[in-house]
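Chain residues, written in single-letter form:
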Amino acid sequence: MSSAILEARNLTKQFRGFTAVDDVNLQVQEGHIHALIGPNGAGKTTVFNLLTKFLPPTRGEILYRGKPITGMKANEIARLGLVRSFQISAVFGHMTALENVRVALQRTLGTSFHFWKSEKSLDHLNERALELLDEVGLADYADVLTVEMPYGRKRALEVATTLALDPTLMLLDEPTQGMGAEDVDRIVELIRRVSKGRTVLMVEHNLSVVSRLCDRITVLARGAVLAEGDYQEVSRNPQVREAYMGSEAAEEEASA
Amino acid sequence: MAPTHSLTPAMQRQRNARLRRNTFYLALLAIALVAPFVAYPVFLMKVLCFALFACAFNLLLGYAGLLSFGHAAFLATGGYITGYLLASYPGLTPELGILAGTLASLGLGLAFGALAIRRQGIYFAMVTLALAQMVFFFYIQAPFTGGEDGLHGVPRGELLGLISLADNLNMYYFVLAVFVIAFALIQRTVHSPYGQVLKAIRENEPRAVSLGYNVDAYKLVAFVISAGIAGLAGATKTVVFQLASLTDAHWHMSGEVVLMTLLGGVGSLFGPLVGAGLVVSLQTQLAQSPLGNWVSVILGAIFVICVLSFRSGIVGEIQKLVKKNFK
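Quick mapping for you: the protein sequence lines, in order, are chains A and B. Sequential numbering from 1 applies to the first sequence in UniProt numbering. Sequential numbering from 1 applies to the second sequence in UniProt numbering.
Each hint should be verified, as a subset may be incorrect.
To give an idea of the interface, some chain A residues facing chain B are shown, with a C-beta separation under 10 angstroms as derived from the structure [claimed, not checked]:
id : residue
1  : Asn40
2  : Phe54
3  : Phe86
4  : Gly93
5  : Gln106
6  : Ser112
7  : Asp143
8  : Thr146
9  : Thr162
10 : Gly197
Coverage of chain A stretches by chain B, computed from C-beta distances (three or more under 8 angstroms per stretch; other residues unrestricted) [said to hold, decoys possible]:
id : segment
11 : 70-84
12 : 115-126
For the record, the hints were derived by calculation from the structure and aren't laboratory data. Keep in mind that this is a model prediction, so the values were computed, not measured. Even for Gly, the Cβ is constructed at its ideal location relative to N, Cα and C.
Hey, can you work out the whole structure from these sequences and the hints?
Listed below in structure tokens is the structure:
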């Protein structure tokens, strides 16, 4: 077989007779930044939730490094090294940035059920947590309660928290959604930097982000795979232009 | 104690806060030690028992974000088991009786928790309520509880077979010791590696899952600890008042503990203590006054005012004021 780190075979999800995801086959190659794009309602987020085990599939199989993970729970695949992010920034609001990262770091200690131990026993993780915060440019925010941080910073914190688990495969759900241009650039740089030595699968709306970052792109439409390839191939595909970029591309060309 | 790693200002601040908190608790303990010479010990013991009950409830609501509407079942189970054992086996010392009651509640908590934890929000509350109602009717029917009459004449006995608890002062210090130990356990739980994960789950459950935490197991542990401490409160109360009755098992009691916790301040360790003190004082005072029949109405009105105007509870509001004016 190929060097696919994550593979979906005939993945199907039906909600009360409505087929949201229809027989999707997908291979994510190790080391790639792979994007999942498609118009609204194409089933991107559903596919994403299936792959991360937040939804059970109706049919089909998911393989991680060739081994089936279809029957595993969401928290179990995280332990294998598949760590996801969320569309709305997923941070722990009433904890400091440092604590956010530390709570991810502490899992491997094996003391997470120790309710009789002092939280001072976690202090030795602070250094590593600060390093991770520094890596995403948040060193100055270490002591700030996360609810008080600006949106773009929360997303960066989320990346730091994900990195704390040293994932082999990062699954990012619209990492630049709701961001201003400046923040988008920062996150793109960040993803590029942290993806070294890892694989990334991301759902993304922003095509400029996709074109700048991604090695491979899968286009979904109406729950099925419409096209796959690099940005050049995909953007030239007439079906894709019609289904997805139709309006946008036309507008762009008109304004250009 | 030279720290080997860099201390951020916030960690320094946390450390200072810890110090201030400990000083505050010490002062409180000093007051508690002399209190029985000023106030009626039985009243104080009642406050301590309910405060412990409310603290147990708060661990679940404030730190795990789970609203249980069936905590009366654990209070009553602790009370009935302890009461029954102490009344039937005269040789049994009170601390062993209390231990047995606590363990019974712990076990019940494990069973109820395993069933209820799969549901969220209002469904979780409803499942706990339904289970607690089953327990209530079980205690009406069961032969050992005395049904509607309750269990009377539970002997206080002698602590470790040495110290007679018939004396109110001895009894008071024993109850205080139980309270301090259980409170310390809750305090430690909240500020432990486990407490951090629990907080993370409360703040954002899907994210905690995606970090690899089996959130249901963490919630279950919180539920079981909370049930055990609620049972401890019930068991201790039974020894103090030498009786266990259906009042403790009734859903009113489950509601009352919500009231105490919200009034005092949910999610602050000290809040439930204040809330319990206030509610028990009001009940006691009002019961003796001409307004005796209006206790529920008055408490209800206070509850409404609390929820409408100071939602973080008495302690929460005071903390806000302190933060605003002394920072």
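Structure-based check of all given hints:
1. Asn40: It is violated, given that the least Cβ distance between Asn40 (chain A) and chain B is near 22 angstroms, above 10 angstroms.
2. Phe54: At 7 angstroms from the nearest chain B Cβ, Phe54 (chain A) passes the 10 angstroms test, so the hint holds.
3. Phe86: Since the shortest Cβ distance to chain B is 7 angstroms, the answer is holds.
4. Gly93: Since the shortest Cβ distance to chain B is 5 angstroms, the answer is holds.
5. Gln106: holds (6 angstroms)
6. Ser112: holds (5 angstroms)
7. Asp143: holds (3 angstroms)
8. Thr146: At about 8 angstroms, which falls below the 10 angstroms cut-off, the nearest Cβ of chain B leaves the hint on Thr146 (chain A) intact, so it holds.
9. Thr162: holds (8 angstroms)
10. Gly197: violated (20 angstroms)
11. 70-84: holds (count 8)
12. 115-126: Since three or more residues must qualify, the claim that chain B covers the segment 115-126 of chain A holds, with 10 doing so at under 8 angstroms.
The structure shown violates the earlier hints numbered 1, 10.
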